[in-house]
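**Student:** If you want the building blocks of each chain, they are given just below.
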Amino acid sequence: MKFEHYGIGIAKGMALTFKHLFRKPITTQYPEERLTVSRRTRGNELVWDKERCTGCATCAKSCPEGCIEIITSRGEENNYIVDKFEVDMGRCIFCGLCVEACPFEALFMGYAYERARYRRQELVMDKEALLLSGERQPSGYARPKIEAGLPRQTLLLDRDKVKK
Amino acid sequence: MAIFNYYPQTLSPDWPGGYWLHWGVFVVIILVFVMAMIMGFIWFERRGLGRFQVRLGPNRAGPFGLLQPVADAIKVLIKEDIIPAKGDKLVHWLAPVVAFVPALMIFAVVPFHDGALLADLNIGILYVVAVSSVGVVGIFMAGWGSNNKYSLIGAMRAVAQMVSYEIPLALSIIGVVLIAGSLSMNSIVEAQSIPFILLQPLGFIIYFLAACAEINRTPFDLLEAESEIVAGFHIEYSGMKFAMFYLVEYCEVLAISAIITTLFLGGWRGPLLPPFLWFLIKVFGVFFLIFWVRSTIPRLRIDQVMAFAWKCLLPLALINLVITGIEVIALPPALLWTVMFLNLAIVVLLALLWSKFFRLGGGRVEV
Amino acid sequence: MAIKTEPFVINVGPQHPSTHGVFRMRLTLDGEVIVDVEPVLGYLHRGIEKLAEGRTYTQNIPFTDRLDYLASMSNNLAYVLAVEKLAGIPVPERAEYLRVIIAELQRIASHLVGVGAFLNDCGAFMTPLLYMFREREKILDLFEMVCGQRLTYNYMRIGGVSHDIPAEFLPALDRFVTTMPGFIDEYDQLLAENEILLARAKGVGILPEELAINISASGPVLRGSGVRWDIRKADPYSVYDRLEFDIPTGSVGDCYDRYWVRIQEMRQSVRIIRQAVEQLPPGEVRTEVPHLLHPPVGEAYGHIEAPKGELGFYLVSDNSIAPYRFHVRAPTLINLTALRDMMIGWKVADAVAIFGSIDICLAEVDR
Amino acid sequence: MTLAFSGEEIASQVEEHLPGSIVDSSQDSLVVNSESWLAVATFLKDTPGLDFDYLTSITAVDYYDYFEMVYHLTSLKHNHSLVVKTRCYEREKPSLPSVVSLWRGADLQEREIYDLMGISFDGHPNLKRIFLWQGFQGHPLRKDYL
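Residue numbers (the working numbering), protein chains in the order written: chain Z, 103 to 266; chain H, 387 to 753; chain S, 178 to 544; chain G, -15 to 130.
Hints are computed from structural coordinates only; laboratory data are not their basis. Any given hint could turn out to be false.
[As the list claims (entries may be wrong)] One-sided and incomplete, this derived list gives chain Z residues near chain S with beta-carbon spacing under 8 Å:
no., residue
1, 118
2, 146
3, 234
4, 235
5, 236
6, 237
7, 245
8, 258
[Unchecked claim] Derived DEER-like restraints, expressed as beta-carbon distance ranges:
no., chain 1, residue 1, chain 2, residue 2, range
9, G, 60, Z, 251, 49 to 59 Å
10, H, 744, Z, 125, 45 to 55 Å
11, Z, 221, H, 464, 26 to 36 Å
12, Z, 130, H, 656, 56 to 66 Å
13, Z, 130, S, 344, 17 to 27 Å
The structure displayed is predicted, hence computed values, not measured ones. Idealized CB from N, CA, C, for every residue including glycine.
Pulled out of the complex, with its shape left as it was, chain Z reads as follows:
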């Protein structure tokens, strides 16, 4: 005579949850503890290299949302001068296609993630706002040289060492 459904399943489950009382919580206390994001993170706000950009507008053409706007004028040495380079970060979907498409490595995804704003207008970034600065570092997405120099990503796998 086989006995089942007499409460053993409930007991097993309760044992498991009890075991979890003694495991380390996996919570990260965010503002105090910070995890390092991936080297390839597609973080907030594009970073633009003024020197390298030739104004070819490949990025604008590759953008699925059409949020990059470039206006150029003809320069003296048969080159383009970028008059306007404006990105509406409010419409950006962070797909990274523009960065991949850039033939001169003049555009980077951002490495930061705390770039919230209070107004939508502030999300529209012009030439000056897009330049590299202390809090606006480029990420290694599609840029292997930068990727090599960034710190290692923290993984939950490393922190949660419970079972084999």
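Once you have looked at the hints, place chains H, S and G on chain Z.
**Tutor:** Coordinates of chains H, S and G only, in the frame set by chain Z:
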């Protein structure tokens, strides 16, 4: 606890002497105790659930998040009080009060210490059963007064469930009363030279399950099942009135924990530590068990809940009553340990026997 | 005297904790029993099929992320397979293996959410969900390492994948693959034998085999009904024909079978990943594809076994840079066809459980 | 591997049973006359050896001159597949027979096509808009909808 020693160890039922003083002091004590314990319970449950779920739980307000209940209370009190336009305003307004008062009234007969209770009624436990079943009226009023289909479903479930579970609840208490030979809570504690959970394991299990159903705790939390009917009867409540329902929930848990402690775990009795502390420790232990269950298992369906009460708990409670009666009459007190093991064996046997009645896949109605 | 009763209509959703998004069910209830169900869709309709007609083939890849956001990688894969079929683009072998590894990781992640949410709907208060999110988090970490995002990956490219994996990916994946079976065992221990879950899920919401085929169900819903149909075996794409794995099937097609199939599929996915990592060859990960692709006039239907069922992309090309027609065969939309048949006659609580066991993602249903 | 039937092969079989039903056939697909589509579908589903018991997907494509319905059929029994098309030249009130009676999986997909492409299906049990609200003007997936 000097205040307890100030009073004679046992109070006669008609409260001779400082009637008003006694009354006033204990009302204050109970109110403070209940409020403080509810705060403690909320914190304990949230932190404990957090740890069960490999997270931390609230830990920002105050040291270890101890002030979290206070912060919640302040937040909820300054919120807007919304009354549904088509609701029954009076019923909607009265419901939290009607639900809260009986929950608080239970504490009148809970002994925190030998003789330290508001009213040592000689029908103490009967009073508890009677008063605690009034709370359902408040819940039904809330469900009705809100004029919301979800609340009404929740309220209907509540009534059906609570009425059913009153019976096994009361029957399982009778076993304890038979052994103790008294209905007074204080006498029951005094009768427990060993905790009654050892003599009445089946009674304890039935009481625990039925009480969980009475106070709407998992796996019987159908009336506020957040994944089905969102919040059930208090879906339309906000602000102060919502806080009242929140208090009711924890007040009832506290009351049930205190009653289980009194009936089955030997109340304030215990070695070394002062009685009041023993009482608290046991109450927290019972509460831990309640939310441990909550953290683990899913919720039953309404027909399964009803079937469980009538087909499982009620017959088991009757069997328990008969067995206890025979033991009390036939077995000499010297055979205490034999009785203990006998009862444990009966529990195992009955659990295995009843598992044979467990049927899967039922519940579909042809429409 | 017969009591006069009448059925009443209750709206579950679009804002309801258990509708997994913005799904809405109009339930007609007779007491607690469901008499009629009418799904109301479209709250998340963004017209992706129309939008895609105005974007190039590459620009559509991030849009496919937004279909089933719990399994973005699978959507990417199905779409690029369709484009590759349309334009006849070869894929390097290493990229094929990477795609398989990533797609199987995605399957585990999606099933973790599906199973966790189902158990949560059954009333297990958050605990299974959080345990499962813990493992999903590890997978998301791996995805973030590979492609820099945690939800909308945009990783697959026409003719390969966007990047090769970083050096620390394989060791981390190895750690994940060794620990994952242990965690799946834990899930089994947590609730697979739980009496309450059995009572809630066994025999509930049965989808018979005949009906499952007739309504074009796919994925775990079809396999839960006992049909041995998996596109990875039936019509192998990528390199699935070189990998060994089983197709778990249920027996009767109830909620529990669907739950069980998902758990077993996670085990199989771990097995596939192990083999794929062993066989992973070195080399290129991406074929050179012109920036603006002009596929020849024609049409192609690329389909994969996505976590939730057969995900197909039907593309029509008119030799321009954008697809002339872009149609998504959304598995979850079609799985919903049988919702009414599965729910009628069950209780409100079952409605939520049955709905959870289908595991839908509204972003894909509405598109 | 799912065996993809060529349209020509099936066309000859269908033509034997239902003469005049095939408009066109190619390697990938066969195009069926819209009047005889339901009969052809029944034939494809019930003929032993074909047994297309699983309707994978339905789509409509707007080619300005006509709407083309694309049916992807699969047989789970024999693991083979077929693409069948049928055309509707009417633009104002396009209408085609519904296949819900054969494959219930067509239910929501036909509603979707009705909603977004504006083709109505005769014999559909519950033909209502599915994603857009009742009273929405136009059918977004048509090429002339801007």
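**Student:** Going through the numbered hints above, which ones does this structure break? Give me the numbers in ascending order.
**Tutor:** 2, 3, 4, 5, 6, 7, 10, 12
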